[in-house]
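Use these hints to put chain B onto chain A, whose structure you have.
Letter by letter, the chains look like this.
2 protein chains.
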Amino acid sequence: MFEFDIQATSGRARKATFHTPRGSVTTPMFMPVGTQGTVKGISPQELLDVGSQMILGNTYHLMLRPGEELVRQHGGLPGFTAYPGPFLTDSGGFQVMSLGHMRTIKEEGVTFRNHLDGSLVYLTPERSIQVQEALGADVIMAFDECPPHPASQEYVKNSLERTIRWLDRCLQVKTREDQALFAIVQGGVYEHLRLQSLEATLPFNTPGFAIGGLAVGESKEEMYPMVDFTARHLPDNKPRYLMGVGHPEDLVAAIGLGVDMFDCVYPTRTGRFGYALTDQGRINLNKASMRTDMRPVDETCDCYCCKNYTRAYLAHLMRAEEMLGPRMLSLHNLRYLHRLVDKARVAIETDTYVEWASEWGKVYFGGTLPAWFEQALRASSDE
Amino acid sequence: MFEFDIQATSGRARKATFHTPRGSVTTPMFMPVGTQGTVKGISPQELLDVGSQMILGNTYHLMLRPGEELVRQHGGLPGFTAYPGPFLTDSGGFQVMSLGHMRTIKEEGVTFRNHLDGSLVYLTPERSIQVQEALGADVIMAFDECPPHPASQEYVKNSLERTIRWLDRCLQVKTREDQALFAIVQGGVYEHLRLQSLEATLPFNTPGFAIGGLAVGESKEEMYPMVDFTARHLPDNKPRYLMGVGHPEDLVAAIGLGVDMFDCVYPTRTGRFGYALTDQGRINLNKASMRTDMRPVDETCDCYCCKNYTRAYLAHLMRAEEMLGPRMLSLHNLRYLHRLVDKARVAIETDTYVEWASEWGKVYFGGTLPAWFEQALRASSDE
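In order, the protein sequence lines correspond to chains A and B. The opening residue of the first sequence carries number 1 in full-length UniProt numbering; numbering runs sequentially from there. The opening residue of the second sequence carries number 1 in full-length UniProt numbering; numbering runs sequentially from there.
Next up, chain A with everything else stripped away, as it sits in the complex (with noise of 0.2 Å):
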């Protein structure tokens, strides 16, 4: 169980299978954001079908509502959401920082008012353990402070020490033996910092290590090096999971480092808004011209939306404001990610990643590769 087999390397990427209790996974995988019990209009029928194989749900949202006990009545998230696969929860505390109001972070947990009616909620690393039990996923991750950014060395120092001893306290409480916890690692944009929380978080030899605390407002360039540099001294052997990430260009770069695991609500929520993923980069449904294009989103996507569809009727979609268009673009969107994390792994297979990757790259960004991006690719082949 949560054992994690390398069957392919280049560079630092690598492809390998991650066996959980509810099955096996392949990585780099993209997994799609069901916050509040959904990946957003989207059915578990058509996450099996664009193929989606890992589903986060979010604790804080599904602890104040319906409450984890519902969750639990239902055998966990696979019974309440009736997705068949493999969930992941992340802790509530990425959420208790930016949802609560007026949250009081101090040793034992955190106070904040929740969202949704502003009433007082109290959350501890072994009341997130107890929620995540609960809801019954197969990857649990441990409870953790993400500081915003900018911080201080200082408030980062801090933070990192308390979220070491927080992991320590949720290991405690953890009881069950069919999830896995996975440990994060923070440390900002400072790479001693990193260095510190990997020093002092490694030793606990948990199933798999999160990198925490990125992409939250930091640029490209702050944010590579301290992927580049985490996933370094995180062991092999252990999935690597790159917390809130992202976009298609984050993806490639971040899998080049040697990052396995990404989930972000970008491909759904872009998607509600009208915008399409491609190759060529995002198209805007919304757009004037779309309304009487009669290419679909991509010409290379075997997704039911763009084997059905034309942006026109896309367009008119969105412009009618019809559930069904926000619908069809999410579905395309986790389609696409999904389809780009499987070429990443057959580049893998046949070692060529970075080539893929740059080549990719330059349809991509329209030409030129960004220095963040070059620099992540330079880092992919510099063992």
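Everything labelled a hint here was simulated from the structure, so no lab data went into it. Treat the numbers as computed from the prediction; the structure is a model and nothing was measured. Wrong hints could be hidden among the right ones.
[What the hints assert, rightly or not] Think about it this way: if two alpha-carbon atoms lie no more than 20 Å apart in a straight line, the pair counts; the simulated SDA-like pairs of lysine to any residue are:
(1) 287(A) to 320(B)
(2) 40(A) to 274(B)
(3) 40(B) to 67(A)
(4) 287(B) to 282(A)
(5) 40(A) to 304(B)
(6) 307(B) to 124(A)
(7) 287(A) to 321(B)
(8) 106(A) to 85(A)
(9) 40(A) to 321(B)
(10) 40(A) to 320(B)
(11) 40(B) to 124(A)
(12) 307(A) to 45(B)
(13) 307(B) to 82(A)
(14) 307(A) to 75(B)
(15) 40(B) to 323(A)
(16) 307(B) to 48(A)
(17) 40(A) to 116(B)
(18) 307(B) to 74(A)
(19) 287(B) to 64(A)
(20) 287(A) to 116(B)
(21) 40(B) to 120(A)
(22) 40(A) to 111(B)
Coordinates of chain B only, in the frame set by chain A:
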């Protein structure tokens, strides 16, 4: 083409096959409404999965947005919407009356300000047919006036006489052989005006006839004698379509009176608002008690929603304003109505329609049949 083969009757109820260019359909049937080129929230594959046969499109909405020319460029509604089966379009007449502002009805046609941008639009019988030929449905409707309720005898008489002259103009300009134009019988709630409309309309010998001007605000006690009277005078060998109807109890009553085709936004609209149709009546997933109800919406239903979800989960989706809630309830409600007419067809085949309808009604109405329903069933046996 457009033949109507009756396979079985039970009292005045009939089971038949109606042949259209895009396939044969079995009646009685309920047609989901795809107002703006999509049945709200439901994909074409799902429509096929729940047993939809023919989809209704709205001429008024589609001519305004995206405009019929774009639909024509897609090969009509099947190409535009990706639903591969038969379609029916209304004439635009009903929406002009209900949605248009400052409308002026003259012999030539109707002028109105459209509800989207207030611009002036002119709709005539000729223009309605021109648009419907571009939309390319298998069944198209004559341009008529559907008078409001209540309306004076004088108003209804003038209106129905004009509607007959408009029918003649529609047939004059119609060019496509692969579209069946149905005439619409009007006459409000006045039996002698229904008769006048019938006597003037039937000689046009169109391939089907609609019963119009009902379910516009009159009571069931006023409506059903009109359905009874009108259906009784329509030819046996042509499909009869009761426009804009209905609720489950309407389908059961009107099928008994010999109606073959129905359409209504009810299943999808009430689904979007969190209501689910069952044989025991409509259930409200917004109620607090639903939040812990571990049963499916309908134990007897075979739809994706009922096979996968508890009421508690659906109540959570509605409360969290998640798109999947309206989507799943719309899907179930369509399946419910399709299964209901399936059962009606079986009862017709076994010549037990009135018995079946009476038993169904006792459960649905909770013991006692309303007088209007009982009277419709009595009239069903009265050939």
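Verification of the supplied hints:
1. 287(A) to 320(B): Distance of about 30 Å is beyond 20 Å: violated.
2. 40(A) to 274(B): 17 Å, holds
3. 40(B) to 67(A): Measuring from Cα to Cα gives roughly 30 Å; hence the hint is violated.
4. 287(B) to 282(A): 41 Å, violated
5. 40(A) to 304(B): Holds - the C-alpha atoms of residue 304(B) and residue 40(A) are around 17 Å apart, at most 20 Å.
6. 307(B) to 124(A): It is violated: about 37 Å lies between the C-alpha atoms, which goes past 20 Å.
7. 287(A) to 321(B): 27 Å, violated
8. 106(A) to 85(A): Status violated; Cα separation ~36 Å.
9. 40(A) to 321(B): 10 Å, holds
10. 40(A) to 320(B): At roughly 11 Å apart (the allowed maximum being 20 Å), residue 320(B) and residue 40(A) satisfy the hint.
11. 40(B) to 124(A): 43 Å, violated
12. 307(A) to 45(B): 12 Å, holds
13. 307(B) to 82(A): Since the Cα atoms of residue 307(B) and residue 82(A) sit roughly 9 Å apart, the hinted pair holds (cutoff 20 Å).
14. 307(A) to 75(B): The hint holds at about 16 Å.
15. 40(B) to 323(A): It holds: about 6 Å lies between the C-alpha atoms, which stays within 20 Å.
16. 307(B) to 48(A): 17 Å, holds
17. 40(A) to 116(B): 28 Å, violated
18. 307(B) to 74(A): Status holds; Cα separation ~14 Å.
19. 287(B) to 64(A): Between residue 287(B) and residue 64(A) the Cα gap is close to 18 Å, so the pair holds against 20 Å.
20. 287(A) to 116(B): Holds: residue 287(A) and residue 116(B) sit about 18 Å apart, inside 20 Å.
21. 40(B) to 120(A): With Cα atoms ~39 Å apart, residue 40(B) and residue 120(A) exceed 20 Å; violated.
22. 40(A) to 111(B): Roughly 42 Å between the alpha carbons, so the hint for residue 40(A) and residue 111(B) is violated.
Of the hints listed earlier, those the structure fails to meet are numbers 1, 3, 4, 6, 7, 8, 11, 17, 21, 22, in rising order.
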